[in-house]
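Could you build the full structure based on these sequences and the hints that come with them?
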Amino acid sequence: MSNANEDTLRTVYDAFTKGDVDTVMGLYTDDIKFHVSGRGLVSGDYSGKGEVLGFFGKLMELSGGTFHLEVLDILANNEHGITLTMERGQRGGKTLENRAVHVWEIRDGKCTQFRGYNEEGWDEFWS
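FYI, in the working numbering the residues of the sequence shown are 1 to 127.
The hints are simulated quantities; they were obtained by calculation from the structure and are not laboratory data. Fair warning: there could be bad hints in the mix.
In silico DSSO-like links for lysine-lysine, alpha-carbon gap of 27 Å or less [to be verified]:
1. Lys110 / Lys33
2. Lys33 / Lys18
3. Lys110 / Lys58
4. Lys18 / Lys110
Ranges between beta-carbon positions, derived for each pair [said to hold, decoys possible]:
5. Gly65 / Arg99: 19 to 25 Å
6. Gly92 / Gly26: 29 to 35 Å
7. Asn3 / Lys94: 33 to 39 Å
The beta-carbon is built from N, C-alpha and C at its ideal position, and this holds for glycine as well.
The following block contains the structure:
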């Protein structure tokens with residue numbers, strides 16, 4: 001049985017995979033915070049919807065539009081959600097196959113913070 005935060009995350013990921021940015025952004029607070037682990041070109045901290053949208057654009061630009069993810073599982077309670085994903089893409093002759101853990105903070109049905117934890121190949125792919 002799912003809870004409301006699990007449903008929110010499923011909607012976010014479903015919209016992201018379909019390129020429905022308006023739905024994704026509508027489920028983020030204006031001051032959303034993203035932290036992407038690693039040392040690659042897309043790693044770092046992003047604050048606010050504008051910077052997060054720029055991060056999404058960078059993923060697509062650097063991967064030539066090949067970046068995509070698959071949700072493997074979502075676990076959620078009343079404050080947090082954890083998403084297990086497989087992220088794939090192509091870039092400069094490199095192939096990304098990255099199992100990632102996304103940790104979310106969710107308040108009043110909107111995502112307030114994201115922390116992405118990636119495998120070692122993430123840095124090599126985005127370097």
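Right, here's what the structure says about each hint:
Between Lys110 and Lys33, the direct Cα distance comes to roughly 12 Å. Compliance with the 27 Å bound is thereby established for this hinted pair. Note on Lys33 and Lys18: the hinted pairing holds, with a Cα-Cα distance of about 22 Å set against a maximum of 27 Å. The straight-line distance between the Cα atoms of Lys110 and Lys58 is roughly 23 Å, inside the 27 Å bound, and the hint therefore holds. Proposed proximity of Lys18 and Lys110 is supported: the alpha carbons are some 19 Å apart, at most 27 Å.
At roughly 22 Å, the beta carbons of Gly65 and Arg99 sit within the given window of 19 to 25 Å. Gly92 and Gly26 have their C-beta atoms about 34 Å apart, which keeps the hinted 29 to 35 Å range intact. Range check, Asn3 to Lys94: Cβ separation about 38 Å, and the 33 to 39 Å hint holds.
The structure meets every hint from the earlier list without exception.
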